[in-house]
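Which chain is which? The protein sequence lines are Y and D, in order.
In terms of our numbering, the first sequence has 16 at position 16, counting the first letter as 1, and numbering is strictly consecutive.
In terms of our numbering, the second sequence has 159 at position 159, counting the first letter as 1, and numbering is strictly consecutive.
The hints are simulated quantities; they were obtained by calculation from the structure and are not laboratory data.
Just so it is clear, the structure is predicted and the values come from calculations on it, not from any experiment.
Note that CB positions come from ideal geometry on N, CA and C, so glycine has one too.
Among these hints, one or two may not hold up.
As the list claims (entries may be wrong) - Short derived list, chain D residues pointing at chain Y, Cβ under 10 angstroms:
id, residue
1, S5
2, F99
3, G206
What the hints assert, rightly or not - Computed footprint of chain D on chain Y; a stretch qualifies when at least three of its residues, placed anywhere within it, have a C-beta under 8 angstroms from a C-beta of chain D:
id, stretch
4, 150–160
5, 186–198
6, 219–231
Claimed, not checked - Cβ-Cβ distance ranges computed for the label pairs, FRET-style:
id, chain 1, residue 1, chain 2, residue 2, range
7, D, I271, Y, G50, 52 to 62 angstroms
8, D, G74, Y, D205, 17 to 27 angstroms
9, Y, G50, D, A175, 29 to 39 angstroms
10, D, R167, Y, D119, 53 to 63 angstroms
11, D, R167, Y, V183, 24 to 34 angstroms
12, D, P29, Y, A253, 34 to 44 angstroms
13, Y, K44, D, R258, 47 to 57 angstroms
Protein chains: 2
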Amino acid sequence: MRGRSVAVLGATGVVGREILAILEQRKFPVRSLKALASARSAGKTVRFGGEEIPVEVAGPSSFQGVELVLSSAGSGATRELAAAITASGAVLVDNSSAFRMDAHVPLVVPEVNAEKIADHRGIIANPNCVAIILCVAVAAIHRAVGIERIVVTTYQSASGAGIAAMRELEHQTRAVLAGEAPVPVALPHPIAFNVFSHNSAVGPDGYNGEETKVIQETRKILGSPELRITATCVRVPVMRAHSESINLTLRDALDETRAREILATSAGVEIIDDRKHNTFPMPLAASGKDAVFVGRIRSDPSVPGGRGLNLFVCGDQLRKGAALNAIQIAERLW
Amino acid sequence: MRGRSVAVLGATGVVGREILAILEQRKFPVRSLKALASARSAGKTVRFGGEEIPVEVAGPSSFQGVELVLSSAGSGATRELAAAITASGAVLVDNSSAFRMDAHVPLVVPEVNAEKIADHRGIIANPNCVAIILCVAVAAIHRAVGIERIVVTTYQSASGAGIAAMRELEHQTRAVLAGEAPVPVALPHPIAFNVFSHNSAVGPDGYNGEETKVIQETRKILGSPELRITATCVRVPVMRAHSESINLTLRDALDETRAREILATSAGVEIIDDRKHNTFPMPLAASGKDAVFVGRIRSDPSVPGGRGLNLFVCGDQLRKGAALNAIQIAERLW
Chain Y
1 MRGRSVAVLG ATGVVGREIL AILEQRKFPV RSLKALASAR SAGKTVRFGG EEIPVEVAGP
61 SSFQGVELVL SSAGSGATRE LAAAITASGA VLVDNSSAFR MDAHVPLVVP EVNAEKIADH
121 RGIIANPNCV AIILCVAVAA IHRAVGIERI VVTTYQSASG AGIAAMRELE HQTRAVLAGE
181 APVPVALPHP IAFNVFSHNS AVGPDGYNGE ETKVIQETRK ILGSPELRIT ATCVRVPVMR
241 AHSESINLTL RDALDETRAR EILATSAGVE IIDDRKHNTF PMPLAASGKD AVFVGRIRSD
301 PSVPGGRGLN LFVCGDQLRK GAALNAIQIA ERLW
Chain D
1 MRGRSVAVLG ATGVVGREIL AILEQRKFPV RSLKALASAR SAGKTVRFGG EEIPVEVAGP
61 SSFQGVELVL SSAGSGATRE LAAAITASGA VLVDNSSAFR MDAHVPLVVP EVNAEKIADH
121 RGIIANPNCV AIILCVAVAA IHRAVGIERI VVTTYQSASG AGIAAMRELE HQTRAVLAGE
181 APVPVALPHP IAFNVFSHNS AVGPDGYNGE ETKVIQETRK ILGSPELRIT ATCVRVPVMR
241 AHSESINLTL RDALDETRAR EILATSAGVE IIDDRKHNTF PMPLAASGKD AVFVGRIRSD
301 PSVPGGRGLN LFVCGDQLRK GAALNAIQIA ERLW
């Protein structure tokens, strides 16, 4: 294979660096690599293929001859550059929320709806990290018996808010242990030894931006626009990997044994469910891993008719929840 | 008032110390105070009323002349001593799970079912901390429109597992920040920068002991033995105060405005629900406080007919979830 001309947009961010690492790890056929970022990152370099690649400031002319753009830039920057990217003939796999709910843009989790990749018109959207992890965990159950309703509550790590938030968790924790008061800068509230409602803006219906993304994107990924789903998104003092407590109301009865069988053969899922040793998915164990870890698999008798199921799920939101998912999409492009 | 002869059983534990502090803060009429604990605490003293009180080793003969025993000893020790306590004529307000589900023992959250106190036969049980915080938050809504189903997911602090777990969170966090591997001792898994399923033993139905307590005790406190409820209990790296994400299915429709009105006049509840500034209940802010803090009050359209409601709740589980609730019961005894 001759390899592709690839540009990584947002190359210096926490997801951008993960994209570079995973391109190497998975031996994605890269013929040439451009590292693009905003003017703030001018003069920086990133490491790829044993070389220091100088970071170029992204602009409309950055994409000549590029075949694939893997973007982890913000929504605003992505919207500004998208026309130039598609006009150059490149395919944009976009981590931002800019185009996710656009009816003409496939929103893809390869384990769930890889067939949508073929419908793209130059842009494929990578879903929200919580939605990706949720959909990998429940898609096979949805196919088998139908999901009527999802109640999801999250435990989201600092890295979901970027490098500055990760540093803040570390520095603030040191400060608190030294007897100093926590000073929030990158995040709106103290993150050291605390928990707070997700830092995205709250809409008029009371749901924050993260929750609205999870609700809308899960419906689109699962191909169930009428799916009943509610979400509560919360930050916890964890460096990396998100956890989700998932309560399902199913259309048909599903006992625990059958649920376990379905999950055992679900693409992208690894079961960790050792009741005897009280060992279940944990963000620390999921960090740096590719799988979505599923455990606490148990029937929920509060739903009549054997149609209730509880799960506890962890996934590395920088990998499967972002960079890995984008590269898995790219791997299926040609 | 001439005051009562009070014994605090388990006086050196994290809840026992809180009981002593709250007796003073609330000016509970104490005529004499005995500090009782197991043989491990022999020789220790505790501070009460400006004095150092020597800790006595608890035994069947410890309760002569005692009128009130506030116990935060374990279930086993409490079971062994309960007959001696009631035979001496004292009333036992018990924090352990030993007698909570006994049909003859009132299980009381004063804001919810204070009327049950009068039914006691010498023992009144103080509920599980998660159940107390949950019931304070939802009781008035249950009275107003009826709760059909509860899905509760917790963020439980280290202090719920005792002083050793609090120290472990601190020491382990220091170790991790120094680049060392976390070494779990008091808790089964690393607690620093991690989240894990509650450390109580998992039963054959897949629910751990904590979840089973929350389910059974909530039904008993709310006086609804058939209430549909499921729970997922999780530890987070927070020192003190528990958080709960609560999803309610109501019998009758309840809009957000009315829900807010009901909560605003609920005994023991303080609303923190500032959507504009993204400020909601947080365990750090709830620590050391008496109220149960309720926020993220929003309708859940995934339940048809306007019958869905989401809440996020925090409460200091050492105070309202344990010591304070016990003393509030004692205040209503005579």
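Hint-by-hint comparison with the structure:
no., hint, in the structure
1, S5, "39 angstroms, violated"
2, F99, "25 angstroms, violated"
3, G206, "3 angstroms, holds"
4, 150–160, "holds (count 4)"
5, 186–198, "holds (count 8)"
6, 219–231, "holds (count 3)"
7, D:I271 with Y:G50: 52 to 62 angstroms, "57 angstroms, holds"
8, D:G74 with Y:D205: 17 to 27 angstroms, "46 angstroms, violated"
9, Y:G50 with D:A175: 29 to 39 angstroms, "34 angstroms, holds"
10, D:R167 with Y:D119: 53 to 63 angstroms, "56 angstroms, holds"
11, D:R167 with Y:V183: 24 to 34 angstroms, "25 angstroms, holds"
12, D:P29 with Y:A253: 34 to 44 angstroms, "57 angstroms, violated"
13, Y:K44 with D:R258: 47 to 57 angstroms, "54 angstroms, holds"
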